[in-house]
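Peer 1: Chains as they are written, first to last, in my numbering: chain A, 6 to 247; chain B, 5 to 238.
I should point out that these hints are in silico values taken from the structure, not numbers from a laboratory.
Please note that the accuracy of each hint is not assured.
Derived pair list, reagent style DSBU-like, types lysine-lysine, alpha-carbon separation capped at 35 Å [what the hints assert, rightly or not]:
(1) K212(B) / K131(B)
(2) K231(B) / K139(A)
(3) K76(B) / K239(A)
(4) K80(A) / K56(B)
(5) K6(B) / K139(A)
(6) K244(A) / K109(B)
(7) K139(A) / K103(B)
(8) K103(B) / K131(B)
(9) K239(A) / K109(B)
(10) K231(B) / K244(A)
(11) K239(A) / K110(B)
(12) K244(A) / K30(B)
(13) K239(A) / K134(B)
(14) K8(A) / K103(B)
(15) K56(B) / K6(B)
(16) K186(B) / K244(A)
(17) K244(A) / K121(B)
(18) K186(B) / K77(B)
(19) K244(A) / K212(B)
(20) K40(A) / K139(A)
(21) K80(A) / K8(A)
(22) K236(B) / K30(B)
(23) K231(B) / K118(B)
(24) K176(B) / K76(B)
(25) K212(B) / K80(A)
(26) K236(B) / K109(B)
(27) K30(B) / K131(B)
(28) K77(B) / K239(A)
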Amino acid sequence: MNKIFSYIFAILTIAAFVAFVIFRQTSDFSFASFKPYEGLITQSIWNTIYVSLISLLGSLILGFVFYLFSISRFKYFNALTDVFTEIIYGTPLLVLVVVMAFVVGPAFGTFNRNVMGFGALIVYMTPYMKNVYKSAFSSISEEQYMAMDLFGFTPFQRYRYIIIPQVIRILMPPLMNNFSMIIKGSALLSVLSYNELYYSIRVAQSVTFAFVEGYILMWVLYLMITIPLSQATKYIERKWAL
Amino acid sequence: MKIEINNVSHTYDVEVLNNLNLSLSKYKSVAIIGVSGSGKSTLIRMMSGLEKPTSGDIFINDFDVRDDAYKKKIGFVFQSHNLFPHLTLKKNITLVLEKTRGFEKKAAEEIALKNLKLLHLEDQINKLPKNVSGGQAQRASIARALSMNPDIIFLDEPTSSLDPILTHEVLKAIEELRELGKEFVIVTHVMSFARDFADYIIFMYEGKIIEQGLPSILDNPQTRELKEFMEKVR
């Protein structure tokens, strides 16, 4: 109960700040001019969620592959992971998106920029996902694996009953962190004219000239995506742990 | 218990076991002693099939320790309790019984309860390992090993991470198990316990068995190495 009150007060604090800022405004704000673009913006919200989920799934898979590379007995795979990670860490996502869509894609004969843009997001997130796996799985001691082996758990049982329930709590917070990085990062796909949230608002702004309102609308809409997602993650975390 | 160890060597980065041979047939509880790094833990892990030797064969009670069937005949107690940390003491036992031994939930719970009671843990069954003392957790892991109804129980320095009082508590619990008619192999640093509990002693030094025999060898060591060791641990 105490916790709930703490949250209510925290939200009230932020609301008070917002109210103060709104009260102090001298110019008028009107979001009405965005009304004709409702359909475009709604579609873009779904596109943002869609591209984020695809990128999450893709980077979870590719990240796991690179995690396996990083623990491989073959030194070549360890080195490959290191070099790849180093390059991605120093690469701005915007640059990666442009290079993937306009340079790498055509080299492989694809001019589908959206697909390459999704790919850029996946590649960009891969090292971060690899780290999530690394920290999670290293929390299970070698002796626990020995015990699982001794008792004769099948690989499925090991993951289902022993490993995942233990790592899920460790895995979830950084995973959510990465997911919000993906959602915000998806805004950069606007350079490919992919109709995600950032792009659709920019399109509307270019006609309505309501720049500030547009960005505020964009902000609120992003929060409407990220907050339910992070709450859902916390729910899963509670449910799965133990 | 029948133990046959033939030309067993093991190398991690350095050689840990060096061409070990051992043949025993009539002893019920065997203690392995020696300084840290002498290869005791490696030996007990190989005897239980947890680790594979680089070369050589091990047969216990006529089972090749590499056989999967052998794993169902033994229990193993680790240095640190090694209970699954996300499960209560009871669930640590019932999960294994239900998933790997095919027991119904109710039967599994009965077995878990019986063995936890045997180790005087009836008040702790629904606690997580982190919420009980080190000695209680170690006793729970002994209860878990017992619940698999093994013929042989291997204990790898079960008290090394415990203070003297908890050590006493755990060793007393192990003593009581002798009445169950199980066979034991134990690695231990507590000489008084080895002397009372074991009916055969193996002394290891630098990856080799230097001296072996009845517990009386501890009072009357024949080799310089065991003599020095006994002076140090006394």
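Peer 1: Against which earlier hints does the structure fall short, listed by number upward?
Peer 2: 1, 2, 3, 5, 10, 12, 14, 16, 19, 20, 21, 23, 26, 27, 28
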